[in-house]
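Participant: Given next are the chains, with one letter for each unit.
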Amino acid sequence: MHFNRRDFLTAGAAVTAAGILPSCAGTAGSGAPHVIVVGAGYGGATCAKYIRKWDPKIKVTVIEPNDKFVSCPISNWVLGGMKTMADITHSYDTLRSKYGIDWVKDTVIGIDVDKRQVRTAGGQTLNYDRLVLAPGVEIRMDTVEGYKEAHAAQKVVHAWKAGPETALLRRQLEAMPDGGVFVMSVPTAPYRCPPGPYERACLVASYFKKHKPRSKIILLDGNQDVASKPALFKWAWKTYYDGMIDYRPNNGPKRVDMKTMTVHTEFDDVKGDVLNVVPAQRAGEVTALAGARNDSNKVWCVVDFVTFESTAAKNVHIIGDSVLSNHPKSGHMATNHAKVCASAIVELLNGRQPDPVPVVANTCYSAVSDSTAGHVATVFRYNPEKKQWDAQPGGGASAQGDEINFIFNWAWAENVWAEVLT
Amino acid sequence: MKNLFITGLVGVGLLGTSLAALATDAHTRVIATTCLSCHGPDGKSKSAMPSLAGIDKAYFVAQMKAFKSGQRPASVMHRHAQGYTDQEFEKMGEYFAAMK
Ligand SMILES: Cc1cc2nc3c(=O)[nH]c(=O)nc-3n(C[C@H](O)[C@H](O)[C@H](O)COP(=O)(O)OP(=O)(O)OC[C@H]3O[C@@H](n4cnc5c(N)ncnc54)[C@H](O)[C@@H]3O)c2cc1C
Numbered sequence: 323m324h325f326n327r328r329d330f331l332t333a334g335a336a337v338t339a340a341g342i343l344p345s346c347a348g349t350a351g352s353g354a355p356h357v358i359v360v361g362a363g364y365g366g367a368t369c370a371k372y373i374r375k376w377d378p379k380i381k382v383t384v385i386e387p388n389d390k391f392v393s394c395p396i397s398n399w400v401l402g403g404m405k406t407m408a409d410i411t412h413s414y415d416t417l418r419s420k421y422g423i424d425w426v427k428d429t430v431i432g433i434d435v436d437k438r439q440v441r442t443a444g445g446q447t448l449n450y451d452r453l454v455l456a457p458g459v460e461i462r463m464d465t466v467e468g469y470k471e472a473h474a475a476q477k478v479v480h481a482w483k484a485g486p487e488t489a490l491l492r493r494q495l496e497a498m499p500d501g502g503v504f505v506m507s508v509p510t511a512p513y514r515c516p517p518g519p520y521e522r523a524c525l526v527a528s529y530f531k532k533h534k535p536r537s538k539i540i541l542l543d544g545n546q547d548v549a550s551k552p553a554l555f556k557w558a559w560k561t562y563y564d565g566m567i568d569y570r571p572n573n574g575p576k577r578v579d580m581k582t583m584t585v586h587t588e589f590d591d592v593k594g595d596v597l598n599v600v601p602a603q604r605a606g607e608v609t610a611l612a613g614a615r616n617d618s619n620k621v622w623c624v625v626d627f628v629t630f631e632s633t634a635a636k637n638v639h640i641i642g643d644s645v646l647s648n649h650p651k652s653g654h655m656a657t658n659h660a661k662v663c664a665s666a667i668v669e670l671l672n673g674r675q676p677d678p679v680p681v682v683a684n685t686c687y688s689a690v691s692d693s694t695a696g697h698v699a700t701v702f703r704y705n706p707e708k709k710q711w712d713a714q715p716g717g718g719a720s721a722q723g724d725e726i727n728f729i730f731n732w733a734w735a736e737n738v739w740a741e742v743l744t
Numbered sequence: 070m071k072n073l074f075i076t077g078l079v080g081v082g083l084l085g086t087s088l089a090a091l092a093t094d095a096h097t098r099v100i101a102t103t104c105l106s107c108h109g110p111d112g113k114s115k116s117a118m119p120s121l122a123g124i125d126k127a128y129f130v131a132q133m134k135a136f137k138s139g140q141r142p143a144s145v146m147h148r149h150a151q152g153y154t155d156q157e158f159e160k161m162g163e164y165f166a167a168m169k
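If you're matching them up, the sequences are chains F and G in order.
Residues 323 to 744, numbered by my numbering, are exactly what the first sequence covers, in order.
Residues 70 to 169, numbered by my numbering, are exactly what the second sequence covers, in order.
Extracted from the complex, chain F is given alone in its bound form (with noise of 0.2 Å):
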């Protein structure tokens, strides 16, 4: 193992703060040190269950409002009518009983990074010595004028977060008649799933064609091409859907009007009978509390790579998509930046020093059709001296889509919940 200077003075900081001086470190008064983790969702679950895995000792409060996990992946599936709302919630009871971590149903709506505590909404007020924030992000329904009420008045939803604005979207499409219009817009990256647009694209391409031959899909993107994944996107659209999707470049939302069904960019209006607006986003709020949204746009978080620990606020660690890096922001990443942070934070509670070279790994399958699907997978490395992630040689994507790539991608989605919830 291979230190610089600067990494190796961080890290006799870090043991300081965190091991030698334990009453420094504060240990909410009870002896045991308690992790709280906000946010149960791929991020957080997992670095739950992974701290109490490799450390027992470390006391592990999660806070969660839904009593029940809901997949986005997958999710495009069951737009498409190949999967149910059943298929993708899935609950917290193994979780919670077999790694024996406090669970607390509520929404944190403040923090107070000075005195390490979390305020709920239900009025708790918790100590930590170490805080996990994985709250995934936060749609900005500012971003398109006209949004917020049409959205309100569930008119026009994004379902980028699983749950009923899923089932609803689906029963709008169940709803449209053949020969319907299905208008969905894309935002600019960086944003939630990058291939996750085009996915939901083709699987409800999928349904039109069994179901409603002559309806159309227009796709209206905020990017300059297809943010991920485009030649598999492209083969499909063309092999499958010829004539039947409409995409539109260079072409993001500006305005949604309720009353007439239109979506208004700076080129067009375009009228549909369902419309599924999928705006900006940015880290989740809980991070804002925390003065940890920091990067030069305020957006995303800015994290130290070894440890997701927050540059803006100590013993505050990020994971997930609220996270400013390189890695796309998917479940799957989500569980890896999870392990690193879960790892870390056994590590410096022990007085010990953290893996200086964290590697880990994204793959974000998408279906194209009810029977093919194509992957992304690329190897990340960090590099300390430039504090950065470097791709490995042999990441790439599918140029098309195949049965065998389907066949794992189901595979993945069954053990990734196994491996996040139990």
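Do not rely on the hints blindly, as some may be mistaken.
Stated by the list, open to error - Straight line, CA to CA, 16 Å or less: simulated EDC-like cross-link-like pairs of lysine to aspartate or glutamate:
1. F:576 / F:590
2. F:375 / G:111
3. G:115 / F:736
4. F:420 / G:111
5. F:538 / F:500
6. F:375 / G:94
7. F:420 / F:377
8. G:115 / F:409
9. G:113 / F:736
In short, the hints are calculated from the structure, not lab data.
Since we're looking at a predicted model, the values are computed, not measured.
With the hints as your guide, set chain G with the ligand onto chain F.
Facilitator: This is chain G with the ligand only, laid out in the frame that chain F set:
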């Protein structure tokens, strides 16, 4: 701040050798467990993915090298295998072989 650094360095110095070993373990446990998002919790697959728990170390290392070189055709493993070193294959092989 200066004091803090000095104390920290003394702390690290005291723990020197064992720290290096622990850092390697922490590295291995993370890279190995990241595979489980596909291969299933504790290396026991619930789906079409192969299981890794209890795999023979020599077989494991040979497969990873074959994925890396392209000698063993794969749907996705060639992309992952190219991201790791031979030493990491050895360490992961020990980790998965010991996994029950
Ligand atoms: C349509 C679609 C398809 C996708 N497909 C894939 C795919 O195939 N593969 C893949 O890897 N990724 C996919 N993704 C991306 C994936 O869903 C996200 O990257 C992933 O969920 C990020 O994990 P996270 O832990 O950061 O956030 P999340 O999983 O969103 O978890 C955040 C949790 O935090 C909770 N929370 C938020 N604020 C608070 C608060 N203040 N207090 C308490 N709790 C709070 C929320 O309730 C939520 O449970 C897809 C996304 C979409 C939208």
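Participant: State for each hint whether it applies.
Facilitator: Consistency of the hints with the structure:
no., hint, verdict
1, F:576 / F:590, "10 Å, holds"
2, F:375 / G:111, "11 Å, holds"
3, G:115 / F:736, "7 Å, holds"
4, F:420 / G:111, "13 Å, holds"
5, F:538 / F:500, "9 Å, holds"
6, F:375 / G:94, "15 Å, holds"
7, F:420 / F:377, "14 Å, holds"
8, G:115 / F:409, "15 Å, holds"
9, G:113 / F:736, "12 Å, holds"
Checked against the numbered hints listed earlier, the structure breaks none of them; every hint is satisfied.
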